[in-house]
Amino acid sequence: MTHNTEITLYIWPHSWSLPSFDVDSLACVLYLQLLCANGQQSYALVECTDPDVSPTCSLPFLRHEGQEIGTARSILRYLQKLQGEEAGDDIASVKRTAWSAYVDSRLKDLTNAVLYANPENYRVGVHKVLATLLPVPARYYLPRRLREEIRATLEPAGMWNLQQENEENDGMEEKKRPFDKPKTIVDEKDKIINEAFGKEKLLEKARETFDLLNPLLAHHAFFLSKQVTPLDCQVAACILLLRNAQTAKNPIPALLDEFYPKIAEHSDRILSLAFPADEKAKAQVTVGVASHANPLVQLGRAVHRVIKSVSS
Amino acid sequence: MSVPMPKPLQRFYSLFPLRIYDEPFSLPTTTSTSPFASGTGPAHPTLFIHPPSDPTKSLLSTDVECVKWQAYLALRGVSKSINIRWDLSPEGAIDQRLPNLYLPVKQMQNVKAEMKGELLESSRIPSWVDGELGQNRAPRGEDEDDHILEGYVDEDARDESRAWVMLLETDIDAALRATSTNRDSFLKRLITFPSPMVPERPLLTKPYTGLSSMITPFGSAVIITPILERYAEALKALSLRLGGSRWFLGSRGPTALDSVAFAYLHSALESLYPEIREEARKWVNLVAWEQRVRESISASLHH
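Each protein sequence line maps, in turn, to chains A and B.
To convert, note that position 136 of the first sequence is 136 in my numbering; the numbers rise steadily by one, no gaps.
To convert, note that position 284 of the second sequence is 596 in my numbering; the numbers rise steadily by one, no gaps.
It is worth saying that the hints were derived from the structure and are not from the lab.
Glycine is no exception: its CB is placed at the ideal position from the N, C-alpha and C atoms.
Each hint should be verified, as a subset may be incorrect.
To give an idea of the chain A side of the interface with chain B (calculated C-beta under 10 angstroms), a few residues [what the hints assert, rightly or not]: (1) T153; (2) L255; (3) E258.
Covered by chain A, per the in silico footprint, the following chain B stretches (three or more residues, Cβ under 8 angstroms) [said to hold, decoys possible]: (4) 470-482; (5) 514-528; (6) 577-583.
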């Protein structure tokens, strides 16, 4: 499979010995690496911290032959089509479409809940990574905006307030309204009970999801197929982040290792297939870094966007 | 292997998580205003839904959630005794979410005049239906297996149905919501405050000003292309999975997945947005299935 122009994939940067700290970006990198592992196709990976570079204002996004493709599932489908392995009409690939939608909502929500919803996990993990990577003005407002976006997705599913009853401020200030009553101070004992309940709620949701995914690995090494598919990369991305991310309190890796070893092994297998230790089998990758634009340039870009959307 | 939960216990558990609501309002016990309510008064359970687009042609609502529950009740065979009303505004419903089911006070010897009926929200309807059906049938041993499998052929099908319900509720729902037009008049839209208590899952949007500039991001523009792509793929997958069978996943009888699938297909085919409609019409077996199920549901709704 040779193409005239190179595939360029923009992702969130690497961290915690994984190619990216974001679920969607990681899934796309894994699949792209697996497709290009035989070395015939080269691609460029751009580590980007500015989501406005993409037309959908979210990373990851793909550029190829003049086309720009936005969300993770669209990217995976496009790559699958390029490879020539278009999703077939047999029952297994139809089932995989349904499971892909399930993983994209439930499992991704679970991963984001562990990484972003719990304020301690967030502070020790993602926030630290983002703060070191972003330049000065964006460092102070961009992580919170990203977290608010994730919150808007998790709250309807009931996954936002799992591990705590009252969100602790931890330096992130909430606007104090004038007639707010002072918050009641939670007792030490109650805090321990709340935490235990929260942990159990999270484990309950995790068990529900893993109980549904585990039987799919019963017959083959990959989900419902003998070869690697985008569904495998989506699941592997979530599991790898759950197991490798830097967190303060994360009961999920222990749950996985004890009850669902197949799922954990599957994700490790995908990672080793995508990034083999063998030196000779390296795909031709150029890794670049897109620098964050100057604040004035960003302002200009934002105004331009508003004018474009008003006039169109 | 999990032990099947006895029905009374299941009904008890369906009350949780406990939510405390304001003092329940009393519903008028005189005959209702809709022409389709039978004149027997409060003796029948009543389902409150969003109004249907044309009550003379079909009693199915315009709101997907309401159609889901109407289809569920009809497919499980309890809708013959249920009236339908659509004159309740959504703000009066529990959680401000219709549909709600009103259960009148049972005719008993010592019933007091001020006893009020019970209003169920939609998540408590399945256990009520189980209770109703359970009273009419002598318990047999096979019923318990059926109950664990929820009507599907085996456990794999039941697990797979979760994935299909999620596909319907994310991809197809997003496409319908992104293209839905507000049917209220301009004046009504001015004076109503949209505030559902339970927020819905956000659509794929991007802010007008972009995320990383110093201006606070405001406004949101829906990114329609990936939403429509996913919708088309979801329909194709549904059609291939249905094949020529009578019910989804080869079940012997209608299941919860069938009622959800019917609700979304019906709304897609009735949508005012031509792309949504045409995409759904492409798949002949889905259209035929929807028509067949709609006829059987309408027959039982109209009693």
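Practice problem: State the violated hints by number, sorted upward, taking the hints as numbered earlier in the document. | Solution: The structure breaks hints 2, 3 and 6; every other hint is satisfied.
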